[in-house]
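Asks: Chains as they are written, first to last, in UniProt numbering: chain W, 1 to 628; chain S, 1 to 95.
Because the hints were derived from the structure by calculation, they are not lab data. Backbone N, C-alpha and C define an ideal beta-carbon position, used for all residues, glycine too. Misleading hints may appear alongside valid ones.
[To be verified] Label-pair distances were calculated between CB atoms; the ranges are:
#, chain 1, residue 1, chain 2, residue 2, range
1, S, 43, W, 430, 48 to 54 Å
2, W, 595, S, 67, 33 to 39 Å
3, S, 22, W, 36, 43 to 49 Å
4, W, 119, S, 14, 33 to 39 Å
If you want the building blocks of each chain, they are given just below.
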Amino acid sequence: MTDADVTNERFHLALVGAPNSGKTSLFNALTGSRQKVANYAGVTVERKAGAFVTPAGRQVTLLDLPGTYSLRGRSPDEEITRDVVLGKRPGEAAPDLVLCIADATNLRLTLRLILELKRTGRPLLVVLNMFDIAQRRGVSIDVDAMSAALGVPVITSIAVKKAGVEQLRHRTDEFAANMPAVAAGDGWTPLSLSEMKALQREADRIIRETVTMPTKPDTLTTRVDAVVLHPVAGLAILALILFVMFQAVFSWAQPLMELLSDSFGALGTLVAQVLPEGILQSFLQNGLIAGVGSVLVFLPQIIIIFLFILLLEDFGYMARAAFLMDRIMGGAGLHGRAFIPLLSSFACAIPGIMATRVIDNRRDRLTTILIAPLMTCSARIPVYTLIISAFIPAETVWGWINLQGLVMFGLYVAGIGSALAASFVIKFFMWRDYQPAPFMLELPDYKLPRLKSIAIGVTTRAKMFLQRAGTTILSMMILIWFLASFPQAPAGAEGPAINYSLAAMIGKFLEPFFAPLGFNWQITVALIPGMAAREVAVGALGTVYAIEGGKEAADAIGQALASKWSLATALSFLAWFIFAPQCASTLAVIRRETGSTKWMVVTFLYMFALAYVASLITYTVAKAAGLG
Amino acid sequence: MTVHQTASETSTHELRLGNAPRGFIGTIVALQPDIAGAADSGHELERHLLEMGFTEGARVEILHQGAIQRDPIAVRVDNITIAVRRREAMAVVVK
C-alpha cells in the first residue's frame with residue numbers, strides 16, 4: 001500500500017457493544033466534535049457517525065452502532081447493528097474492522113457477544129473499556145491470555161484518558177496496514193438455543209481462565225441501590241429529582257434568557273432606527289428578528305433539560321427509574337422501558353418516539369408512541385413560560401417554593417397524568433386480551449458521568465434545536481408575518497393594520513369555533529403556525545400583537561398579553577397546550593415509525609379533542625369562578 | 001460438580017425465581033420458559049433470559065423488589081444486576 005492510498009482510502013470502523021459498555025464515551029473520545037447524527041435511510045434508527053485521522057494520516061470513518069447483547073435483531077435498532085456488521089445494510093459500507101467494546105468490570109454478557117461476532121468472520125478488535133475502574137475494584141484480567149483464548153486481539157482502554165485513545169488510533173493504523181481479505185457475512189445464520197448456551201459456556205470458561213474477580217462486589221452501587229431502589233424512598237427520590245429538574249429549568253435559565261431577549265430587542269430597535277419605515281423594516285424587525293429571538297430565548301432551558309437527562313443516563317440512574325416505574329406504568333398498560341422514551345419526550349416528542357424502538361413488542365411500542373406527545377416537550381416551555389410569567393405572580397409560597405415553578409410542575413403533572421390515563425384507555429378498548437411484553441433491563445453499576453461526553457451530547461441536541469429554529473420555525477415566522485402584513489390596510493383605514501390582513505381573515509373565520517374556549521382571533525391565528533412547531537405559537541402571538549401595536553418589541557409579548565387577556569383565557573390557553581395537537585414534525589415521525597397514516601390521524605384527532613375539551617372546561621370553570 | 005449438585009439437591013428444594021422472596025440466594029437449575037402468562041413465549045423468552053445472563057449454574061440473589069405486589073425484582077446474576085418482572089422470572093428454576 002502506498003502513501004497515497006493511506007490518505008485517500010477511507011477506513012471504516014464500527015463500534016459494537018452491549019448497552020452501558022461506555023461505547024458512546026469512547027466514540028466521543030475518538031471523534032470529539034467531528035460527529036454527525038442522522039437517520040439510517042428508510043428507518044428512523046439514529047445513525048451516529050464520526051471521523052478521525054490516525055497518526056499515519058489515515059482517514060477513518062467511525063460508526064457508533066446501537067447497543068446490543070446479541071445479533072438476533074429483536075428490535076429495529078438491533079437489526080441495524082446486525083445488518084451493518086454483516087455488511088448487508090444497503091448504503092452502508094461494510095466495516096473494515098469491528099471494534100467491540102466490553103465493559104471490563106462486567107465481561108460475562110459481552111464475551112458471549114464477542115464470540116457471536118467472531119462467527120460473522122468480520123475482523124474484530126476487542127477493547128476492554130473502563131479498565132481503570134476494573135482495576136480499582138480488584139478485577140485482574142490477563143489480557144494476553146484472553147486474546148489467545150478468544151482468538152481476537154484485545155486491548156485495554158480508558159475512554160477518558162488520552163493515552164488509551166491514542167493507542168486505539170495506533171492499532172487502527174497497524175490493522176489497516178495489513179488488512180486481511182474478508183469474506184464476512186455470507187452464510188451467517190442466527191444462533192440456535194443450544195449454540196447460544198454453548199457460546200455462554202465458552203465465554204464463562206474464558207472468564208474463569210483469564211479473569212480474577214474480587215471477592216466483594218461494587219459496594220458503593222449496592223449501598224446506593226439500597227436507598228434508590230427502596231420501594232418508598234426510591235419513589236420519593238425520583239419525584240424529588242424530577243421536581244429539582246423543573247425548578248432548575250425555571251430559575252437557572254432566567255438570567256441567560258433575559259440576556260438573549262434583551263439582545264434581540266436591542267437588535268430589533270437598531271434595525272428600526274437604521275432602516276426607513278416600510279415593508280423591509282417591518283419584515284426584519286417584526287418578522288425575522290422578533291420571530292427568531294422569541295424562539296432562541298428558550299435555548300438555555302432546552303440545554304438544562306438535556307443536561308439533566310444525559311447526566312441521569314450516564315450515572316446509570318435511568319435504568320433504576322425504569323425499574324421503579326415499571327409497575328406504576330404497568331398499571332396504565334405501559335412497559336417499564338417506555339419510561340425512557342417518555343422521559344425523552346419531555347425534551348421533544350420526536351427523539352422520544354424514536355427512542356420507543358427499545359420496546360420490542362409492537363403493541364407496547366404503539367401505545368407509547370400514541371401518548372408520547374402528551375408529555376410536556378420543551379417546545380411547550382416557551383408557551384408555558386410566557387403565559388406563566390405574564391399571569392402568575394412570582395411569589396414564594398410555603399417559604400421556599402416558587403409559585404411560577406409550582407404551576408409549571410402542575411402542568412407537567414397534568415401532562416403525565418393524561419398520558420397515563422390515555423394509555424389506560426387505549427389498553428382497555430383496544431388490547432384487552434393481551435399480555436405486556438417482558439421487562440428485562442440491566443441495572444448498570446453507578447458511574448461518574450464523563451463531562452466531555454455530556455458536553456458533546458448537550459451540544460448536539462442544542463445544534464438540532466437551533467437548526468430547527470433556523471429552518472422550520474424561521475420559515476413559519478416569515479409566513480405568519482406575511483399573513484399578518486398582507487394585504488396592507490387601505491390608506492386612511494382605521495384601527496391596526498393587521499385587522500385587514502389574511503391572518504385576521506383566517507382567525508376571524510375560525511373564531512366562532514374557538515370562542516367557547518375564551519380564545520380571541522389573535523390566539524386562533526397563532527394556533528395555526530403553532531401546528532408547525534408549538535413554540536412558533538409564541539413568536540406568532542408576538543408578531544400578531546407586535547404588529548397590531550405598531551412598535552412593540554417582541555420581548556414585551558408577556559406584558560401585551562397580560563393587558564389583553566383575562567386570566568380565564570390564559571388558563572384555557574395553558575390547558576390547550578397541555579394537549580395541543582402536536583407539531584407537524586411529530587405527526588410525520590409517528591407516521592414513519594408506525595408505518596401507517598392511520599395512527600397519525602388517530603393521534604391528531606384524539607389530542608385535538610382532548611385539548612378542546614380541557615380548554616372548554618378550564619375556561620368555563622375559571623369564568624364561573626370570576627376570573628373571566 | 002455434578003456430584004455436588006446431586007448431593008445438594010436432596011438438601012435444598014427447587015422453586016421458581018418468580019416466587020422467591022427478597023434476599024433469596026440460590027443457583028439456577030434450569031430454564032423452563034413454557035409458563036402461562038409470560039409475555040414472550042417459549043424459546044423467545046428463553047433466549048432473552050440467556051442473553052441477560054440467566055444460565056444454568058449462575059448464582060442469583062434477589063436484591064430489591066418494587067413497591068407494588070413486590071414487582072419487578074432486581075436480581076444479581078453472577079456479577080451483574082438485572083431488573084425483571086416476577087412473571088418472567090417464573091421461567092427460571094432455582095434452588
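Asks: Which of the numbered hints above does this structure break?
Replies: 1
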